[in-house]
Amino acid sequence: MKVVSTAEELQKATSSPDSTPLGFVPTMGALHRGHITLVRNAAGLCRKVVVSIYVNPTQFNDQDDLKNYPRTLDDDLQLLSPVLRENDIVFTPDDKEIYPVKDRRVFHFGNLENVMEALHRPGHFNGVAQVVSRLFEIVKPDIAIFGQKDFQQLAVIKELVRQTGNKVKIIDNPIVREDDGLAMSSRNRLLSQSIRKKAGIIYKTISAAASMINEHDIPYLISYVKKNIERAEGFSVEYFEIVDDIELKPVSARCEMKKENKYFGCIAVKAGNIRLIDNIEIPL
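In the numbering used here, the protein residues as written are 463 to 746.
Simulated from the structure, these hints should not be mistaken for laboratory data. What you are looking at is a predicted structure, and each value in this text was computed from that prediction instead of being measured.
Have a look at the derived ranges for each label pair, beta carbon to beta carbon:
(1) 696 x 532: 17 to 27 Å
(2) 656 x 576: 32 to 42 Å
(3) 655 x 549: 37 to 47 Å
(4) 533 x 565: 13 to 23 Å
(5) 626 x 465: 22 to 32 Å
We put the CB at the ideal spot given by N, CA and C, even for glycine.
Given only the sequences and the hints, what does the whole structure look like? Please build it.
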């Protein structure tokens, strides 16, 4: 694999005929097995793959969160080395490379910016749209792969592509989980040992809720998830919503759900001092 840090170097390395189709896996580093699954899938689909490692400041509404976000570039490169091929590329830009001038663009995503993460992290998805659109501009991928754990982010990126007319194909990758069901996340390494031991309660609970959709209505399921998770000391549920998979409109009653649509239960939990998100499909 080749490591480059500027757009010029990257574009030179992807200008050859063997670069099509070009796959792209954008990350913020602190890589884990979930990221590696994305990279392997990209390599299976594309002749050349670009993996970016960049902690984007514009998507953090909490500056302490930005400051504390794990940065492990040496470990990341070591993890990628056996997975990427000789002609694949790791792109490690700095802030000036991504934002040579201050990015003042404001994006609008309809209902996607009025629910769940958007309410709890003001400005977050505008920052995501800024960096993803900028990375697409630099990398010019044919295919980009994102994980389903960041469910709302994935919906925002698909809408961004639709609005901008970009021809990149967005592929979503299933959530990769730890043995106890906890969704793999770079933030997991920040959990205290005592909190981590109990964190499997999140997936266990939302799985149980999903299985009860035909026996109980949605208000009961929301109450069940909150009560069950918060029985574990140090855990607090910010939200649990059942939403459609396009506009992410919350449904408040089982009778509102249509057989032809897909629905997901989405959750955000404060686990100690660390905020975790997860989701699960709700079978009808």
